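Chains as they are written, first to last, in our numbering: chain A, 1 to 298; chain B, 1001 to 1236.
Derived from the structure by calculation, the hints contain no laboratory data.
Every value quoted in this text rests on a predicted model; they were computed, and no experiment measured them.
Any given hint could turn out to be false.
[As the list claims (entries may be wrong)] Straight line, CA to CA, 25 Å or less: simulated DSS-like cross-link-like pairs of lysine-lysine:
1. 164/A - 1203/B
2. 1217/B - 1203/B
3. 1154/B - 1063/B
4. 1067/B - 1107/B
5. 164/A - 1125/B
6. 1063/B - 164/A
7. 163/A - 1154/B
8. 163/A - 1107/B
9. 1075/B - 1154/B
10. 1125/B - 1063/B
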Amino acid sequence: MDFFAGSLISGLQLGSIYALIAIGYSIVYGILRLINFAHGDLLMVATYGAWILIARGLSLPFAVIGSVLITVAFGLVIERAAYRPLRDAGEEATLITSLAVSIFLQNLFLMVFTPKNRAFALPGFFSEKLVLGGAGSITITNMSIVIFVVTGGLIAAVSLIIKKTRLGIAMRACAENSTAAKLMGVNLNAVVVFAFVVGSALAAVAGVLYSGQYVSFNPSMGFMIGIKAFAAAVIGGIGSFAGAAAGGVLLGVLEILFACYLPEGAGVYQTAFVFLVLIVVLLFKPNGLFGAAEGRRS
Amino acid sequence: MLEARNLKVSYGHIDAVRGITFRVEAGEIVSLIGANGAGKSTTLRAISGLIRPRAGEIVFEGKPIEKAPPHELVKLGIVHVPESRQIFGRLSVAENLALGGYRARDKHALSERLDYVFGIFPILKERYRRSSGVLSGGEQQMLAIGRALMSGPKLLLLDEPSLGLAPIYVQRVMDVISQLRDRGITILLVEQNVHEALHISDKTWLLENGRIVLFGKSGELLYNEQIRDSYLGGGI
């Protein structure tokens, strides 16, 4: 039981990081029908950004803020230089372009930083443990608490922005029918920029939390996490905000439970089992768990 | 107020509008009539900036606008209510109306306009918090027009507002259009319901195959032989 509770905490922690990334995939897809495979690599950009800033002597909070700004800048440059010129060229063209951007970013960082594994030197505070119960066998690190508080707060904040603010409503309108939204006076480019700012910022925070928790990182780290978060967005129903958040958490929990409970020897294939879940969900619910039926495309 | 000069619009190799020139004077209801594929909707799309004309000029209050993007045109006061309404079905009635006022920053003006919209379409007040996807066709058309009014338009482009509506709603919508004109909003109306269009409008331009073939006062065109034979089903 205690082992289960411990696994569940680890799963929720990994899942909430996936959720942050999946939301970015989902809001960009909702507006542009673009599957942005370079989204995962923004985590890597954020991680290196924070790492450099810490090495320059910035305190941790400022390094994180700086890393978010750097990542948002990357996101915006990618949108402007790679995706906007292809806005009317069709989904295949932008999909392939996003793969190219992903490969470009990875290789750029390989050139600059070499493939060497790096790690953050985090203050001891983060690995201190709190006892939750089970006579001392269920514990939670301060890092986990930070992850839960930060991801929970960000998901709630972004959800409010999308529900209540003028730009948020415009964003949902563009996702449903961008032509009609233009006729209301909505500047589509402004909404796309907004989506990339939000998505990149969430990816940046996710990247720093991920690398802080799971120790080492290198320029290829974004690929696998990106693919998993993409799978999470699809399981939840790509284009749906709540679906992306739920899909992310679900995927993280399953991944850890697979790793902990699969029989000896099968646990190392946890990732394969995660994608098996994706296939099963799509067999029965092709639009994902929370997905709306495909809306009007214009 | 609005003038198109030698306007040409193409979709790829297909010429939809082949050089038309027409005017809309302030305070009028002007209708563009014609058969399916005559180029009526395309003309509206060109005016509201959804499609860039291949050639020609569009002048609004003395300024050339043929290169302006849609959101700039909304700011100038040109609002397009597209064919088949295109309300945001996943958003609430309230959110649809809020989007209509997207460019208007004056809170006071917005709440006055909302009251005005509720005045002409009380059903929207009743359904304010509901999802707009569940509204009937007639109610959706009211929402589409109400939404357009939220920006405080000077020129309203209406594309087939009567299409697919029950007769009772057609009459309501036509009444509202006259009411809007009386309130000082200029209206460019595209209609396949030629009978209604001629009755309600001040002037009418007839389009065929992307060209203007006839222009006149609507009241006189009701008795025009060409119109009666081709569009009003002979001798009503």
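Problem - Hints breached by this structure - result: 1, 4, 6, 7 and 10
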